[in-house]
Amino acid sequence: MLDQSEIELFRTNVRKYLEKEIGPHYATWEKEEILPREVWTGLGENGFLCVDVPEEYGGFGAPFRLSAIVVEEASRLGFGGLASNISVHSDIVAPYILHLGTEEQKQTWLPKMVTGEAIGAIGMTEPGAGSDLQGMKTRAEKDGDSYVINGQKTFITNGQHCDVIVLATKTDPNAGSKGMTLFTVDTSLPGFSRGRNLEKMGHHCADTSELFFENVRVGADQILGGEGRGFANLMNELPRERLILAIGAVGACEGMLERTTTYVQERKAFGQSIAQFQNSRFKLANLKAQIEVNKAFVAQCTDQYDEGKLSTTNASIAKYTTTELQGVVADQCLQLFGGYGYMQEYPISRDYVDARIQRIYGGTSEIMLEIIARDVLGRG
1 MLDQSEIELF RTNVRKYLEK EIGPHYATWE KEEILPREVW TGLGENGFLC
51 VDVPEEYGGF GAPFRLSAIV VEEASRLGFG GLASNISVHS DIVAPYILHL
101 GTEEQKQTWL PKMVTGEAIG AIGMTEPGAG SDLQGMKTRA EKDGDSYVIN
151 GQKTFITNGQ HCDVIVLATK TDPNAGSKGM TLFTVDTSLP GFSRGRNLEK
201 MGHHCADTSE LFFENVRVGA DQILGGEGRG FANLMNELPR ERLILAIGAV
251 GACEGMLERT TTYVQERKAF GQSIAQFQNS RFKLANLKAQ IEVNKAFVAQ
301 CTDQYDEGKL STTNASIAKY TTTELQGVVA DQCLQLFGGY GYMQEYPISR
351 DYVDARIQRI YGGTSEIMLE IIARDVLGRG
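Numbering (my numbering), first residue to last: 1 to 380.
If you're looking for bench data, these hints aren't it; they were derived computationally from the structure. Hints should not be assumed to be uniformly reliable.
What the hints assert, rightly or not - List time: in silico BS3-like cross-link candidates among lysine-lysine, alpha-carbon distance up to 25 Å:
| # | residue 1 | residue 2 |
| --- | --- | --- |
| 1 | LYS200 | LYS31 |
| 2 | LYS309 | LYS295 |
| 3 | LYS178 | LYS142 |
| 4 | LYS268 | LYS283 |
| 5 | LYS268 | LYS288 |
| 6 | LYS20 | LYS31 |
| 7 | LYS31 | LYS16 |
| 8 | LYS178 | LYS137 |
| 9 | LYS295 | LYS283 |
| 10 | LYS16 | LYS295 |
| 11 | LYS178 | LYS200 |
All chains, full assembly: derive it from the sequences and hints.
This is the structure we're talking about:
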């Protein structure tokens, strides 16, 4: 068990690395709309990928909270696209393989994911199926000892770089939620192709892609977590996905507040700093209070996750409240920058557009409210 000083040392190392190796280049990568592949190997070499993967697969075997620091610090520094890439790789794909995979699947992918040699993506969303996963059309049809996959996915984070995809398919279209199966798909297989790198409102450097599967043949040994168990497995893993989004949201809120606090103390209007106006003081005080309350609940949820006790409802509450708050903080902080906040040279403008996706991916705010409502009122 790590003590607090060890946790803070790791946080300091992450922050220094991001400030030195990522910060000077991030604006360029945003314009290029993709991260260089070397970013991944650099993160891997420094031990910042898949931190909680067990030692036998190349990781540190650290608690989840240590892995979460990487996403938290990237978010705090305003690197929302990078935080999104890392969270999918380290906190979604790797846990799926670790928790559901065979020993062969783990040995094949996890060590390479720890080093950054292999990048992970998760293929759930389709052009006609987002939050309603049961509406997906990607098929995996049994053919002897293998399966033939046909279909397409969209809005896939890490889509341009990914080497392995945790892919959701329909193996029995007539069985509803029990007809869904997950596979690990090697992107070097014949029949797999990447579509365009999608142009987005924010998270520009986070490659987000269409993926196509045309008669992609995979062995039955690539089934992840059992045939027909895909939907149940997705539901079991979603709390961590929503928790890491909440952690990133709190980190982003703290970073925006820090940058805005510095700005209002330096910027003058009517002979005094903007920080001296009561409106500025009360607005920032209100945001600080909301951030701290959300941070405390997310810390509680992190403890619950480490203890194997995080409920779907609590994960949904954390994701809903923090991402909604992120939008409020971004809007109100940008307002305090005035006209400069609308200029791309000021990071708050990027913070603003990056915040918007947080209420959509990982389950929309409306889906989070429905999950919470079911806990309060039943299914209705």
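Results for each hint:
1. LYS200 / LYS31: holds, 12 Å
2. LYS309 / LYS295: holds, 18 Å
3. LYS178 / LYS142: holds, 16 Å
4. LYS268 / LYS283: holds, 17 Å
5. LYS268 / LYS288: holds, 22 Å
6. LYS20 / LYS31: Given pair LYS20, LYS31 holds - Cα atoms ~19 Å apart, limit 25 Å.
7. LYS31 / LYS16: holds, 23 Å
8. LYS178 / LYS137: The given pair, whose Cα atoms are some 14 Å apart, holds under the 25 Å limit.
9. LYS295 / LYS283: holds, 18 Å
10. LYS16 / LYS295: holds, 23 Å
11. LYS178 / LYS200: With Cα atoms ~34 Å apart, LYS178 and LYS200 exceed 25 Å; violated.
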